Each structure stands twice: as C-alpha cells, then as structure tokens.
Amino acid sequence: MTRIVLLLLALLLSGCGKDRPPAGVLGDPAAGKLALSQYACQACHIIPGVTGSQVYVGRPLADLHKRRFIAGTLPLDQASLVRWIRDPQSVDPHTAMPNMGVSEKDARDMSAYLLSR
Amino acid sequence: MPPGRTRLILKTAILTLLGAGTLAGAGGLAVFFGGWYYVGATKHHFQPVYSLLEQGMHYSVRRNARDIVVPPLGAPAQVLRGAAVYRDNCAQCHGGPGFAQSPIGMSMQPVPGPLVDAGTHWKDRELYWITRHGIKMSGMPAWEYHLSDADIWAAVAFIGTLPGLSAQDYRTITAPAGKVEDGR
Numbered sequence: 001m002t003r004i005v006l007l008l009l010a011l012l013l014s015g016c017g018k019d020r021p022p023a024g025v026l027g028d029p030a031a032g033k034l035a036l037s038q039y040a041c042q043a044c045h046i047i048p049g050v051t052g053s054q055v056y057v058g059r060p061l062a063d064l065h066k067r068r069f070i071a072g073t074l075p076l077d078q079a080s081l082v083r084w085i086r087d088p089q090s091v092d093p094h095t096a097m098p099n100m101g102v103s104e105k106d107a108r109d110m111s112a113y114l115l116s117r
Numbered sequence: 001m002p003p004g005r006t007r008l009i010l011k012t013a014i015l016t017l018l019g020a021g022t023l024a025g026a027g028g029l030a031v032f033f034g035g036w037y038y039v040g041a042t043k044h045h046f047q048p049v050y051s052l053l054e055q056g057m058h059y060s061v062r063r064n065a066r067d068i069v070v071p072p073l074g075a076p077a078q079v080l081r082g083a084a085v086y087r088d089n090c091a092q093c094h095g096g097p098g099f100a101q102s103p104i105g106m107s108m109q110p111v112p113g114p115l116v117d118a119g120t121h122w123k124d125r126e127l128y129w130i131t132r133h134g135i136k137m138s139g140m141p142a143w144e145y146h147l148s149d150a151d152i153w154a155a156v157a158f159i160g161t162l163p164g165l166s167a168q169d170y171r172t173i174t175a176p177a178g179k180v181e182d183g184r
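Chains A and B, in that order, give the protein sequences. For the first sequence, the numbering used here assigns the number 1 to the initial residue and increments by one for each residue that follows. For the second sequence, the numbering used here assigns the number 1 to the initial residue and increments by one for each residue that follows.
No lab work stands behind these hints: they were computed from the structure. Check before you lean on any hint, since a few could be wrong.
Stated by the list, open to error - 30 angstroms max Cα-Cα, derived DSSO-like pairs, lysine-lysine:
no.	chain 1	residue 1	chain 2	residue 2
1	B	Lys123	B	Lys136
2	B	Lys43	B	Lys136
3	A	Lys105	B	Lys43
4	A	Lys105	A	Lys66
5	B	Lys43	A	Lys66
Since the structure is predicted, the reported quantities are computational estimates derived from the model, not experimental observations.
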C-alpha cells in the first residue's frame, strides 16, 4: 500500500516540472531551473516551471527539447544550446537576445533543464 | 422551525466559525513568528500567486492613471532626451536593444522585464504613472523624486520607439546625448 502511494506521489511530482534529462545530457536540471530565473530568462521567455509573466519577447521555451534547430541554424544538442545561451551573438550577430554573462556551469545546468521533459 | 432548534443551529454555526477562525489565526501566527515564510529571492511565488499580484498591479495602474492627460509625444528632440534618460536611469535594470540589464536588474525578483513590449501592455499615461510613482515591493522607484516631469514624459516617448530600434540605432541615438543631470 505504502509503495503504491509513493509511486503515485512520484508520478504526480514528475508531472510538475522538467526533471528528466535525456541520456547523455550533463548538468543538474534543478540547479538550471533556478539559474534560469537568476539570469532573468523568464523576463522574455515563458518557461514551464519557472514563475513569470505572459511574455512573448523571446519565444516560449516549453517545447525546446522537441525542436530540431535552435536560433534557426544550430542543430539542437546540448553543446549548441550552451553556446547559444552563453554567446548568442556568436551564432547570430543580429539576434535580439542579449549576452547575459552566463557561466559555463550555469549554462550547462540551464540546458539540462530545458532539454528535460 | 421551533425557536429552540434555530438557536441551536445559530450557536453551532457561530462556535464553528469562531473555532475555525481561532485555529487559522493561531496557524498564521505560528508561520509568521516562526519565520516559516521563506523570503529569499531563490524561491519564487507560486505561479497563481504571482499572476494574481501582477493582475492586481495592472488594475491599480489602470485606475490611477485614468485621468492623466498625455502631452504631445514623439518630437525628435524629446525622443533624443528620452534616450539619454533611458540610458542613465532605466537600462541598468531593464536592459535595452541588444544588451542585457546589469546583474542587479537581472537578479531582482520580480525581474524588471524588457520594455520593448511595454506598449502592448500599457498605454502611455500608464507608463508615465508607473515611472512617476514606482511600484511597491517590486524595486521600481518613484522617479518623480529624481527626474523632472518633462524627462519622465521623454522616457515614455523613447520607450514607444523601442520596438523599431536595433542595437546599432540605440548606440547611435544615445551616443551624442550628454549625461542626464541628477535631479531636476
């Protein structure tokens, strides 16, 4: 009985956010979720699990893990995502997304969260 | 219904309400004095709480700004002045075309959002009101005490031009403008 309750609880909790990174993805999704809010990502993007306003200045990040490309040109993988987060202008000089000065570790954790489902 | 029964129902209802009120009050006091409400900026409001506070803020701004008469906005000299005001007073927390806010603005909770979409959420008189009076508990100062009225309107006029402004345009328009003097 206890086991079933625990299982149900686990299922319920797993529905509340993105905490399952795909195989091969490095970093800590939970730390990434917090880092996303400390670099003001939610000021422009709607991010599931991160409290914020209904903003569409940047594109919503809900389905990021399902996309094949990011920033129009980069095939979606963790290394590309980390590069895009840390230095968007190196990918697209005219992008409106500013360089937020994200550290390598924070970018890895953020990407782990965004790539989770 | 016999009077005896009515009295019993009333008595039960009142005692139940009193009991529930006492319990809720005691619970609230325990949370309050126990320090159980977490005030750190590393944990956010629940989304429904955040959305409710934000919506309330919108209604309050709308109501308080409703009688403000908007002066003519958008003359080139005014926009130029607004650009300097923006660069010196707004950009550090809100960022601007092509650049992020400073780490202070970035990590404030709630975050000071970008202003490129301000026009889709607010009318000019509401932006003026927010800039002039600030927003309680959000970190937005009441600029009334630090900027002249003309400069606040100039900032509003400039914010209106943000959607069409590239990073290069922003650098160009803010480059010649001198430092905005502190105060009036």
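Taking the hints in turn, this is what the structure says about them:
no.: 1; hint: B/Lys123 x B/Lys136; result: holds (20 angstroms)
no.: 2; hint: B/Lys43 x B/Lys136; result: holds (19 angstroms)
no.: 3; hint: A/Lys105 x B/Lys43; result: holds (20 angstroms)
no.: 4; hint: A/Lys105 x A/Lys66; result: holds (23 angstroms)
no.: 5; hint: B/Lys43 x A/Lys66; result: holds (28 angstroms)
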